[in-house]
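Please work from the sequences and hints to get the whole structure.
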Amino acid sequence: MSTLMLAALMAASGPIGTAEAQERPPRPDSVRPTRPRPPEPPQPPTVQPPAPQPTNTGTTDTIGDTTQPPATRLEAPQLPDVLLNYTDATLPAYYRRGRLADADNTPEDNPITNTGATLGRVLFYDVKLSANDTVSCASCHQQANGFSDPATLSTGFDGGQTARHSMSLANARFYERGHFFWDERAETLEDQVLMPVQDSVEMGMTLIELETKLQATDYYGPLFEAAFGSDTVTSDRIAKALAQFVRAMTSTNTRYDSAFTGGGNPPDFEAVFTPQEIQGLVLFGQGGDRAGRTLGCAACHGTPGHIADDIHNNGLDITVTGDDGAGDKRFKAPSLRNIAVTAPYMHDGRFETLEEVIEFYNSGVQPSPNLDQRLRRPGGQPRRLNMTQAEKDALLAFLNTLTDESLLVDERFSDPFIAH
58 MSTLMLAALM
68 AASGPIGTAE
78 AQERPPRPDS
88 VRPTRPRPPE
98 PPQPPTVQPP
108 APQPTNTGTT
118 DTIGDTTQPP
128 ATRLEAPQLP
138 DVLLNYTDAT
148 LPAYYRRGRL
158 ADADNTPEDN
168 PITNTGATLG
178 RVLFYDVKLS
188 ANDTVSCASC
198 HQQANGFSDP
208 ATLSTGFDGG
218 QTARHSMSLA
228 NARFYERGHF
238 FWDERAETLE
248 DQVLMPVQDS
258 VEMGMTLIEL
268 ETKLQATDYY
278 GPLFEAAFGS
288 DTVTSDRIAK
298 ALAQFVRAMT
308 STNTRYDSAF
318 TGGGNPPDFE
328 AVFTPQEIQG
338 LVLFGQGGDR
348 AGRTLGCAAC
358 HGTPGHIADD
368 IHNNGLDITV
378 TGDDGAGDKR
388 FKAPSLRNIA
398 VTAPYMHDGR
408 FETLEEVIEF
418 YNSGVQPSPN
428 LDQRLRRPGG
438 QPRRLNMTQA
448 EKDALLAFLN
458 TLTDESLLVD
468 ERFSDPFIAH
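In this text, residue positions in the sequence shown follow our numbering: the first is 58, and each later residue adds one.
Capping the alpha-carbon separation at 20 Å, the derived lysine to aspartate or glutamate pairs in EDC-like fashion look like this:
| hint | residue 1 | residue 2 |
| --- | --- | --- |
| 1 | K270 | D288 |
| 2 | K389 | D429 |
| 3 | K449 | E409 |
| 4 | K389 | D161 |
| 5 | K389 | E409 |
| 6 | K449 | E412 |
| 7 | K389 | E233 |
| 8 | K185 | D256 |
| 9 | K185 | E268 |
| 10 | K185 | D275 |
| 11 | K389 | D366 |
| 12 | K185 | D215 |
| 13 | K389 | D248 |
| 14 | K185 | E266 |
| 15 | K270 | D190 |
| 16 | K449 | E413 |
| 17 | K270 | D215 |
| 18 | K185 | D293 |
| 19 | K389 | D240 |
| 20 | K270 | E132 |
| 21 | K270 | D293 |
| 22 | K389 | D367 |
| 23 | K389 | D405 |
| 24 | K185 | D288 |
| 25 | K389 | E241 |
| 26 | K270 | E282 |
| 27 | K185 | E132 |
| 28 | K449 | E416 |
| 29 | K389 | E244 |
| 30 | K389 | D159 |
| 31 | K389 | D374 |
| 32 | K270 | D256 |
Quick list of simulated restraints, FRET-style, between CB atoms:
| hint | residue 1 | residue 2 | range |
| --- | --- | --- | --- |
| 33 | R407 | E233 | 25 to 33 Å |
| 34 | Q135 | T318 | 30 to 38 Å |
| 35 | P164 | P435 | 37 to 45 Å |
| 36 | I375 | R431 | 15 to 23 Å |
| 37 | G437 | A133 | 55 to 63 Å |
Calculated from the structure, these hints are not laboratory results.
By construction, the Cβ of each residue, glycine as well, lies at the ideal position given by its N, Cα and C atoms.
Now the structure itself:
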């Protein structure tokens, strides 16, 4: 972390991070990651910022991917000299009004700040949050995959697998109920971010162990002091910083968003969409007065942020067996932003492609006493949409307009422990 960055973080607090602090020997309980590394002498002979790094040794050099070659991982975060902007200043007008704004679950006592989200970014990518320094939050929520996991189930610190697929995080802030996980067992995002840390499969820590470990890690003192006024590490502060970082992951730069240029109300989709995508927009249910058949997808994935309104039984199974979700096989759904890059789909990752998801809603919804009313016919049986192939293709084309490529590479949400 550069001296300029610390100055930006600490303002008038004094010269933290001086040569004296940098030469201090490592504390015994500041555990280094156990991943193999080349031997490092006490004074590395090559420390130039552009030093050559093996960026393509069997894996792609993807920002946010924690499976980088070990040689690229840094012992401390590499942060910019000027704080990155995580606040609402860059949110478009249609995110700050109407139903989308009403769905914002940010609590009054934890607004997004640049210093808090910067700390959250470091925590999100730090393997020190796991018992054996091998897994971070980003291991299961990878930036290149829309902050989800391309694996059906995620792998924890000791090789075990999670019970459900990793939910994507984009637009997590915009869910009025404010509960998290597929079964909504976390009352708030601040509660949710600490649960994987304490999970026996995912990260295997206790909160006391976590606080002690991070307090003994040199680079956290200045970050906590900048965010909260003192360098004391508490689980409450960890939760608040992580929640700020996740809430800042707002998707606002898709082709869909480009129709709102200049705050356009109504948006001009004809200017940016192909005829096929316009047909998909109408089928989805956001076509306004445009002619064409509407399927009503927007009833469950509404607003310009394509967010869910509640937990629902969407007819995945006939009987209430196995994973019951939040009860009666009701599950939360993430925003559809970046849906094209967050495969596999559903809480158990049963569908590998969006085409399979579309076909499920077209012909595969199963009867259930608790099936959402919007998926029922008047007689109570599941709806069958009877879509033509052209309609399926159009709906898929529309869903692809919700990909936010910039969010997948945005420096604000990238791994600060990877040398770029």
